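Novice: Here are the chains, one letter per residue:
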Amino acid sequence: MYIIARNIFRFVVVILFQVLVMDNVLINGYMIPYIYLLFILLMPFETPKWIQLLSGFALGLTMDLFSGTLGMHTAATVLVAFVRPYLLDLLASRDGYELDTFPRIHYYGFLWFLKYTLIIVFIHHLALFYLEVFQLKVFFSTLLRVILSTILSTSTIVLSQYFVFRK
Amino acid sequence: MRTLLRFFQKYSNLLLFLLLEIIAVTLIVQGSSYQRSRLIGLNRQVSGYIYSRVDGAREYFSLKEVNEQLVEENMELRNRLDRVSTLLDSASVVNELVGEHRYYYVQSRIVKNSIYKQYNYLTLNKGKKQGVFRNMGVVSDQGLVGIVLETSANFATVIPIINRDFRLSAKIKSNNYAGILQWDGLSPRFAILTEIPFHVDLSEGDTILTSGFSSIFPEGIEVGKIESFSLEKGNFYDIRVELFADFQRLYHVNVIRNYRQEEQLNLENQTR
Numbered sequence: 003m004y005i006i007a008r009n010i011f012r013f014v015v016v017i018l019f020q021v022l023v024m025d026n027v028l029i030n031g032y033m034i035p036y037i038y039l040l041f042i043l044l045m046p047f048e049t050p051k052w053i054q055l056l057s058g059f060a061l062g063l064t065m066d067l068f069s070g071t072l073g074m075h076t077a078a079t080v081l082v083a084f085v086r087p088y089l090l091d092l093l094a095s096r097d098g099y100e101l102d103t104f105p106r107i108h109y110y111g112f113l114w115f116l117k118y119t120l121i122i123v124f125i126h127h128l129a130l131f132y133l134e135v136f137q138l139k140v141f142f143s144t145l146l147r148v149i150l151s152t153i154l155s156t157s158t159i160v161l162s163q164y165f166v167f168r169k
Numbered sequence: 382m383r384t385l386l387r388f389f390q391k392y393s394n395l396l397l398f399l400l401l402e403i404i405a406v407t408l409i410v411q412g413s414s415y416q417r418s419r420l421i422g423l424n425r426q427v428s429g430y431i432y433s434r435v436d437g438a439r440e441y442f443s444l445k446e447v448n449e450q451l452v453e454e455n456m457e458l459r460n461r462l463d464r465v466s467t468l469l470d471s472a473s474v475v476n477e478l479v480g481e482h483r484y485y486y487v488q489s490r491i492v493k494n495s496i497y498k499q500y501n502y503l504t505l506n507k508g509k510k511q512g513v514f515r516n517m518g519v520v521s522d523q524g525l526v527g528i529v530l531e532t533s534a535n536f537a538t539v540i541p542i543i544n545r546d547f548r549l550s551a552k553i554k555s556n557n558y559a560g561i562l563q564w565d566g567l568s569p570r571f572a573i574l575t576e577i578p579f580h581v582d583l584s585e586g587d588t589i590l591t592s593g594f595s596s597i598f599p600e601g602i603e604v605g606k607i608e609s610f611s612l613e614k615g616n617f618y619d620i621r622v623e624l625f626a627d628f629q630r631l632y633h634v635n636v637i638r639n640y641r642q643e644e645q646l647n648l649e650n651q652t653r
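Chain order of the listed sequences is A and B.
For the first sequence, my numbering gives the first residue as 3, with consecutive numbering after it.
For the second sequence, my numbering gives the first residue as 382, with consecutive numbering after it.
Calculated directly from the structure, the hints in this document are not laboratory data.
Every value quoted in this text rests on a predicted model; they were computed, and no experiment measured them.
Check each hint, because a few of them may be wrong.
Stated by the list, open to error - Label pairs and their in silico Cβ distance ranges:
(1) B:Leu386 x A:Pro50: 14 to 22 Å
(2) A:Phe142 x B:Val465: 48 to 56 Å
(3) B:Gly615 x A:Phe142: 22 to 30 Å
(4) B:Glu453 x A:Phe112: 48 to 56 Å
(5) A:Leu89 x B:Val452: 54 to 62 Å
The C-beta atom is built at its ideal place from N, Cα and C for all residues, glycine as well.
Starting from the given sequences, assemble the full structure and let the hints guide the process.
Specialist: Listed below in structure tokens is the structure:
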């Protein structure tokens, strides 16, 4: 019960922070840090897959409502929510994940978290940015945007683990 | 039957995933710019309120910059006034000034600005109560900004030049050829002017103005200058236009109200 409440609270905080602060961060021309993915990243390991998918859907839809992009964030976040369980299996050490732990630096270390975040963010940005342009003419400039934004989002998310969302 | 059930059970997550993705893609494909604007209208009430609060702080921090811009504009206006008052002696100008009071400007401030997306929108702190309505033009003292899309009582959303849905008729100052101004989604500093035929002489640095063919903008509002051009698709130029309006620093804008817009549109609709 406590965990559900905490995740709902995180959902709200992450969205507000994204819309009010991050969307106004100006870094030359190409990049916006999408920190709202933290919500998906930090969901407990044992969350049923269908809940992960539905919350990914809700998260994307809310972002779409705020940025007027109808469907684009939704498609990207649902994709990420679908990939996440498989990625977690892939990244697991031989013993798997221990009970009562969460996917955080605190439990699994900096390198693990960086890898995990980088892959999720990259997949998300790849989907989001190409859906946004929806043409292959600008393939490489979009790829550049994806890569730069991935670096930016990932570092923001990882840093946030040390400052904002510590507990 | 049982195998079917087992199939659903086994792949339930995959099916849910596909279902949600289909919904999302349908939203993208079906969502016309009109629906997008309705959607924005929906959350404008909430976000407009929040943003105008947040904006209080931003306003304070950018006071110095705004001050400088105002001083510049002041100078410009004073210069223009000087020019006009000397001209006023000749009677021909008076006619123009008195007879054609078609446009009225509503001062406004941007409370939300996005520039790094493909479909950018601005939110202004003036709405229906202050006389801002759909399809009014928006300019800054630097140049053209965009067109009002939706309004509520106290807020308005603007579709700026740097939105992939933006289209406006614009012309080249030196030879009056008109084309369509749109955005390629690459940089908030540049837009593209298309449909200028290949035989037109162009030179870099030429000014681009509004053509006045729509009822939204008066003729001759400055948009930008030609940065480069190329003949890619055979018969028409692709002209890269450096925009005068700096969307990264945009803050104070004016909404243009055309008193005769309705009359003009009505007539045009009758003729069609």
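Novice: For which of the previously enumerated hints does the structure constitute a violation, in increasing order of number?
Specialist: Hint check: nothing fails, all pass.
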